[in-house]
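Colleague: Quick mapping for you: the protein sequence lines, in order, are chains X and G. First residue of the first sequence: 1, per my numbering; consecutive thereafter. First residue of the second sequence: 1, per my numbering; consecutive thereafter.
Hint data in this document are derived by calculation from the structure and do not stem from the laboratory. Heads up, some of the hints might be wrong.
To be verified - In silico lysine-lysine, DSS-like type, Cα no more than 30 angstroms apart, as pairs:
no.	chain 1	residue 1	chain 2	residue 2
1	X	K303	X	K10
2	X	K617	X	K683
3	X	K92	X	K10
4	X	K712	X	K693
5	X	K712	G	K84
6	X	K324	X	K353
7	X	K668	X	K617
8	G	K136	G	K74
9	X	K797	G	K74
10	X	K454	G	K138
11	X	K621	X	K683
12	G	K35	G	K18
13	X	K693	X	K621
14	G	K74	X	K712
15	G	K35	X	K797
What the hints assert, rightly or not - To give an idea of the interface, some chain X residues facing chain G are shown, with a C-beta separation under 10 angstroms as derived from the structure:
no.	residue
16	E464
17	I467
18	L471
19	S798
20	G800
21	F803
22	I814
23	A832
All C-beta atoms in this analysis are idealised placements derived from N, C-alpha and C, irrespective of residue type, glycine included.
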Amino acid sequence: MNQSIEAFNKMEVDVDRIATSLVEMDGNLEDKAALVDLLEQVESLMGDSQTSEIPVLTEAVEWWKKLLMASLLDQIKDADVASGLINDFSEKVSLLVRSLARGVDEEEADMSGLFRRAADCLGEDYSEASGNVQRESEEDVQRESEEESAEKEGAGNDLEDLFQDLEKDEIESQEKASQEDEDAISFEEDTPAQPEEEIPSVAADASDSVTADASEYEPEVLDYSDAMFEESLIYDFIDECESHLDDIEANLLALENEPENVSLVDEVFRPIHSIKGSAGFLGVKVLQDFAHETENLLDEVRKGRIPVTTALTTTTIEAADILKTMLSQLRTTANRTLGSDASNDPLSPIPVKRVLAFIEALMKGLEIPEIPSGTSEPSAAKKDKEPKLGEILVSDGVISQEELGEALDKQERPLGQVLVEEGLVNEDKVADALKKQNASGKQPRGAIKVDIEKLDNLVNLVGELVITQTLVQGRSAMESSNGNESGEALGKDIVLLGKITKEMQDQVMSLRMVPLRPVFQKMNRVVRDVSKKAGGKKVDLVSTGEDTEVDKTVSEIISDPLVHIIRNSADHGIELPDERRAAGKDETGKVQLSAYHEGGNIVIEISDDGRGLNREKILKKAIERGLAEPDEKLTDAQVYQFVMTPGFSTAEKITDISGRGVGLDVVKKNIEQLRGKVEIHSKEGQGTTFSIKLPLTLAIIDGMVVRVDEDKYILPTLSIVRSFRPSNEELSTVHGRGEMLNVRGELMPLVRLSQLYKGEVTLSDPTEGLAVIVENEGRTYALLVDELLNQQQVVIKSLGSVFEGVKGIAGGTILGDGSVGLILDMAGVFEAYKDPKYRPSEPVADAVAAGEDFDTMTFEENQPLEEG
Amino acid sequence: MNTENAVSEEAMVQLGGKYLTFQLSGEGYGIEILKVREIFGMQQITSVPGVPEYVKGVINLRGRIIPVIDLRLKFSFNEAEYDKETCIIVVSIEDVLVGIIVDTVSEVVDIPGDDIEQSPSFGAETPTEYLLGMGKVKERVIILLNVEQVFSEQEMKSIEAASN
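Use the sequences and the hints to build the structure in full.
Modeller: The following block contains the structure:
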């Protein structure tokens, strides 16, 4: 399938090369060497067996070859016609190949005309000739070896598959669109919408003349109600198109001044094309159709078939104006549909037909007819301007036009006040009218695109500002505690400054925030696909909290993990309808996707009401794979974490969708990349819940600054359970090597950060330090530090690629005193602890006195010490 | 042979320009001035675990965290105590800033291309790819460093490898 696409793409390049040669020849058929060269190129076109499966293409190339051959042998009566035809073939074949590469076969009908002309030129009978061609090509096929033809058959089938696939995709996307239509609030115009007019067919007979009847080109009111009014999409679309149109206009104006600069046509063509594409996606049919016509015209210009004339640029500029007006009306319609605009004035008519007629005329190479332009007003949008208060009152029948006139004459103060004083209306009426005025004048939503790098720099700088502010605040507090009076006043000001900086930081952070809605919407599709593929499973996806905002990076990275989890839930979690009925559950399974804030974090939960995880099965598999020891006592949370190990799968049969054990490890990886964590809760028979906890932002982390000897490290507050000064009774050693801490009956390894990171024990007696209990992936460790300094938000900075391989360090930050603090990453710390390279070279047994009889038990119950 | 020499001589001439010179273990070294971002005295360095010895750690350069490398250790010289003469030269290598610790910074000299010679070969064991050439300044010889090579990607990778 891909091969044939590739073949067409390759062919496209070849055809383009031929077109270039043709341009170089400039219609001169006397240049025999060039002709021979050309003939060779055309002959080599069909070299690919896959492409020769398309009869039209084969035939076209045959005719093309014949024409060239005849020209070469001087058998042509009219050289001009022949050279024109050769050019036309290049044109048409290129179009055909292009459309074939996209899986469409739309040019087929047009080709026969060309063949007839070629036959005429060669003095042959078309139908007979066509038979010849076919016979010839059949002979060609037969001449090829059996093997090759078998291969070709395969390729043909592939192509068929491709078409079928494309068709299916189309149907699917239509289905999807209609589904989304249901979601969108349908919008009905108050004014009767004019029926969809037929766009003048480009392929119409050229002898048709364009009539200059003004009445036929009356401006019309367009109907945008078939568009998909999805708030998250429509405004972005309008903004994008408007910025495209600004470019288009600028380039068109430039083109007017330098008509010979063909690259400008490209500059106009491309954005029009993307407007057309996006409009199609959003179902804005009127816009799509109009852009399509404009694009067609520009395409012809681009190919040099239509010269750049004043008529052309004028028409195109008018077309751009129409697109602009359409967009502004679409915005109004969207505002109304989505409720931010209360007015319902009919939209102004747009002279679409008039411009379409121009385009058609240009396409046919006719002169632009003089169409009375009285009715044409490209900037119809201007009419949509704010109505005046007086006009509203008159139209509401509260006052008459004469009364308004009188009041206006007297007006020095606001009109409403005058009218009330004159006793013409009461205050309520004016208030109502004012409300209307405000609603109609409400600025539609707008947005600007900002380079993400600029934004990040801003975030960084604000981070620095916050740090510096904290620094200054600390200094001033010191001053005032020294009894310095002016210091106290300064302190107050600095606190105020602090408030403003914090607010500014929040605002700047929110710039990077986007709602999760688009990500959640994608999941509907995933569930639908899974339930279709997984043999009649019925799955409903219910999502809540789509408006929860997350950092842009988070929303990008979270998508994949969510797809994997949801796929898992729907494919493995949810049972088949029969099974569910037997278990007394509703036939239709439910997957709940929700997002919410929880204490400075964002939690995304995916829960299903399926069969739940089988603890025994997972544990058995984990032991098989050597991930766990048979007699190891693990909590449920620890067992469930195994499902996120690479290559781990308990599925007995691998389905199309999942079961290969690839997927959930990606989840873990991506989420760790976002410094979040995944927890799995499950109840057999009742369902599974994946709970993803993510930091609000990636730029700042809530951390605890700890001191280890002279160094300062930052532990993410998210992983800290508690901290305390260990007593001798709580400490024990294992075989004189590893130290363990018994915290309220729970045993955990004691990791000396000094030893881990500095290679020396700085604090010989743990009871003089502090044990910070940290938790990650269901495992708890105690980190021994000298002291806790303070808790603060720190801006995370990368240490650069140089330190990428260092385990346990997530990055660095600038601390209040200007020094660099290293931010620890718990998963890495645990890993480093198990790594012999970081392990103590000598026993540290002397540090611990108590707990001898503890040893054996400790050893049996805890796992990581004997590893590595 | 002759042509080869001619080519390399031409390359040497192109090396002419301004160099920042500094002392390291009694020898004079030079770095192309365009690569140098700034110079400051010794400051507090935060050490990073699990990296080769010559990577001393990281420092805060006005809000940016950059690695600092002790050139003495990098070149396998004896380690020296840092004093008030010790300087950190911040160089920019392909937009990445790296601080290098040197004994003392001397001056900026203009070395004409004619005064730069190809570095002699010291036998296979001594790597010469770090060197651009030898510059003659007033009877002294300045070793011109190719900082890109000193901190080439491969070198940086080796830091990573060592830390793994």
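Colleague: With reference to the structure, classify each hint as holding or not holding.
Modeller: Hint check results:
1. X:K303 / X:K10: Distance ~20 angstroms between K303 (chain X) and K10 (chain X) Cα, so the pair holds.
2. X:K617 / X:K683: Holds, at about 14 angstroms.
3. X:K92 / X:K10: holds, 16 angstroms
4. X:K712 / X:K693: Roughly 26 angstroms separates the two Cα atoms, so the pair holds.
5. X:K712 / G:K84: holds, 25 angstroms
6. X:K324 / X:K353: holds, 16 angstroms
7. X:K668 / X:K617: Within the cut-off at roughly 21 angstroms; holds.
8. G:K136 / G:K74: holds, 24 angstroms
9. X:K797 / G:K74: Holds. K797 (chain X) to K74 (chain G) sits at ~26 angstroms (cutoff 30 angstroms).
10. X:K454 / G:K138: Answer violated: K454 (chain X) to K138 (chain G) is near 48 angstroms, above 30 angstroms.
11. X:K621 / X:K683: Cα-Cα ~19 angstroms, so holds.
12. G:K35 / G:K18: At roughly 11 angstroms apart (the allowed maximum being 30 angstroms), K18 (chain G) and K35 (chain G) satisfy the hint.
13. X:K693 / X:K621: At roughly 27 angstroms apart (the allowed maximum being 30 angstroms), K621 (chain X) and K693 (chain X) satisfy the hint.
14. G:K74 / X:K712: holds, 26 angstroms
15. G:K35 / X:K797: holds, 24 angstroms
16. E464: holds, 5 angstroms
17. I467: holds, 8 angstroms
18. L471: violated, 13 angstroms
19. S798: OK, holds: S798 (chain X) within 10 angstroms of chain G, min 7 angstroms.
20. G800: OK, holds: G800 (chain X) within 10 angstroms of chain G, min 6 angstroms.
21. F803: holds, 6 angstroms
22. I814: holds, 5 angstroms
23. A832: Given a least distance of 8 angstroms, the restraint on A832 (chain X) holds.
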